[in-house]
Amino acid sequence: MSALILPKDRLTDFLLLLHEYTLWAPVQRDTVTLFEVIKDPKDSPVDLEHQASLAKRSIFPQSEELFSFDQSGILNDASKEGSRENIIFGIRPCDARSFRIMDPVFEGTMPDPYYLNRRQRTVLVGIACREPFANCFCTSLGGSPFSQEGLDLILTELDGRFFVEVLSEKGKEIVEKTASVFTPASAEDGKQREDLAKRSEGAIKRKVDLEGITEKLNGIFEHPVWKQMASKCTACGICTYTCPTCYCFDMQDETTLRKGRRVRNWDSCMFAEYTLHASGHNPRPTRAERLRNRIYHKFKFNVDNFGTFGCVGCGRCISLCPFNVDLIENLSTIKSLA
Amino acid sequence: MNNPYVPETATILDIREEASGQRPIKTFKVALTDGRDFNHQPGQCAMVGILGIGESMISIASSPTKKGYLEFSIMRLGKVTSALHACEAGDTITIRGPYGNGFPVHDWKGKNIITVGGGIGQAPLRPIIQYILDNRNDFGTLDVIYGARTSQDLCFKQEILELEKCDDVKIHLSIDVGEPDWTRFVGFVPTNLMQVKPSPENAIAITCGPVVMIKYVIKNLLALEFSDTQIFTTLENRMKCGIGKCGRCNVGSLYVCKDGPVFAYATLKNLPEY
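Chains as they are written, first to last, in this note's numbering: chain A, 1 to 338; chain B, 339 to 612.
I should point out that these hints are in silico values taken from the structure, not numbers from a laboratory.
One should not assume that every hint holds.
[Said to hold, decoys possible] Here are the simulated PhoX-like pairs of lysine-lysine, each with C-alpha atoms no more than 25 Å apart in a straight line:
#1 207/A / 232/A
#2 508/B / 553/B
#3 607/B / 227/A
#4 172/A / 191/A
#5 607/B / 216/A
#6 417/B / 367/B
#7 227/A / 207/A
#8 259/A / 417/B
#9 191/A / 8/A
Can you make the complete structure from the sequences, with help from the hints?
Structure, rendered in C-alpha cells:
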C-alpha cells in the first residue's frame, strides 16, 4: 500500500476526524507523559517527544469492574457492555509488540472477555522512534525503533510532516475516514524514512546479549546474586506498573451498604502481599525472591509457556526506578555468572 | 465468549464442625442453585466466595461419585474463610470451577493406594478415599495415614473411624504430642509413615499437608523406595483468578491453579521454589 504524508499542522485535524473513536494519546502530566483518553485534541497537546508510559491501560485498565451485585445476586456482567472502538495514537513500536506478548495469557482455554474484547476493538497508530531514549534496548529483544509488528498504522516524523504507512485493514479504514488530511508521499519521503530508521537503530546505546539466558537461569535459582540485586530495591512496584508486558492483577470486592462490585486492579509481584498466604506463610518472603521471580518470569517462565521473552526492551523499568535497579545490568550479570 | 470470572450461586445445605479451638475447621455441604452437577474430578478445586467479601480457592473435599452436592472443608484463617464460617445452612455463596487438573485416578486402577495427610491437608485426599470406596473393585489395598497437631485438629474423625470396620482399609492416625486418652501413634506424620512402612510394590502414595510435612513425607517415601512417578502431592498458593492469568500462584513456570494443584513428584522435583 502506498505511503501518505500528514502535514504536522494537520495532526489535530486528523485526530478530530476520529471523534467516533475513544482516543488514547500521550499527554504530559507534571513531569511524566502518560497515555490518557483525549476528549478534545485542541485542549490536550499530544506529547510525541517523551517516552510515554501506560499504553497498556487502554486495553488492560489499571482498575476495572468485572461485574456488579446487590443482595439479590449478580446484576450485570461488565464484559457484555458494548463500548466504542479505541484508537491508541502515538504508541511506540515496543508497546505495540507488548500486546502480542500479553495476548496468549488472556487467550488460552479460558479466554478473558474483558481484555480480548477491548483488544479486538482497538486500533494501534504507532509513532516510530526517531531518537531512541536513554535506556531503550529493544534491539536486544528482537524489536527495533521502527518495528511495525502489531501496528495498524505507523507515523514517522520527517521535517514538518509525518510519513504514514498503512499496515493493516484497520489502518486502511482509518486513513480512508480521514483522507482529507493526507497528501501522497514521494519516493524521497520514503528514502528519508529509511535513513532515519537506520540512524535510530544505530543510535541505541544499551544492549544485552540474551542468547542462552533461559538455559542460564535453569542453574542459578539459589545463587546469592539475587540478594545482591535486590539489596537496593524498595519493592515500590514502579517497574511492574510501567512495564508494557506486566499483566498480574488482583481482584477485590468494593461495597456500599446495598450494592457492590468486583473489580480487578493491577497488582505487582514486587509486593509482599502478592503471594502471602492466609496462614502467614509466604513463598516469596523477601525482595530477593520477588526480584528473582520477576526476572525468571520474563526470561524463562514466559519462554517455557509461550515461547517468547516477556520483555520488549523499552527500558522504562530502568529509567523510572527510583533506586537505579538496572535490568540490563542485571541480565548482563546473570549472563556472566560461571 | 463465556465469562470465567462470573461465579454461579450455590446454597449451603449443611455445616459440620470438624475442628474447634484456635484452628477451627468446618465442612460445608453445598449444592449449585440451578441443580446442575459440578462434574469435577477428585483433587480439583473451586473458587468459593461471598459477594462483597471475595473468593478463595478451596479443594473439593467430596468425590464426584457423591451426586447432588459438593463438600468443602475450610479452616477459618482470612477474610473469606472467616465470612464463610459465619454462614448458616440455607445461606447463598458463590462457586466458580471446577479448576485444576485433579488426581489421575483412572491411571491408578488396580493399584494399592496410600494417602498421607496432615491437618486440613486431609481435605483434598478425602475425595480419593471416597472415590476408591465407591469403585472398590478397581483398586487394591487402601492405607489412610493421617495426623494433626492435637486430637482436636483431626478432621473427618467419625467417618475415618467408621472406615476401620472395613477389612480392606487400614487407618493409621497420629497426633504430634501425646494426650491422656490417645492410644494411637504420637509423633509427626512422616515418622508415622515410617512406622506403617507401606510397600512400594504396585502402589501410589498421595500426600497433602503443610509444606514442611510434604517435604519430609516425600523424603521418607523415597527412602521406602517409592519412585518419582509413584508419589503425588497437591499444592496450594494464594490465588485470585483461578484460571492462570493473575500471576501469583506460579511454582516455576507452572501455575498451581491451572497446571496443578496435583503434581507427581517427577514433575515437582524439577520445579524451582518448591
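The hints, checked one at a time:
{"no.": "1", "hint": "207/A / 232/A", "in the structure": "22 Å, holds"}
{"no.": "2", "hint": "508/B / 553/B", "in the structure": "23 Å, holds"}
{"no.": "3", "hint": "607/B / 227/A", "in the structure": "24 Å, holds"}
{"no.": "4", "hint": "172/A / 191/A", "in the structure": "22 Å, holds"}
{"no.": "5", "hint": "607/B / 216/A", "in the structure": "19 Å, holds"}
{"no.": "6", "hint": "417/B / 367/B", "in the structure": "20 Å, holds"}
{"no.": "7", "hint": "227/A / 207/A", "in the structure": "24 Å, holds"}
{"no.": "8", "hint": "259/A / 417/B", "in the structure": "19 Å, holds"}
{"no.": "9", "hint": "191/A / 8/A", "in the structure": "19 Å, holds"}
Every hint, counting from the list given before, is met by this structure.
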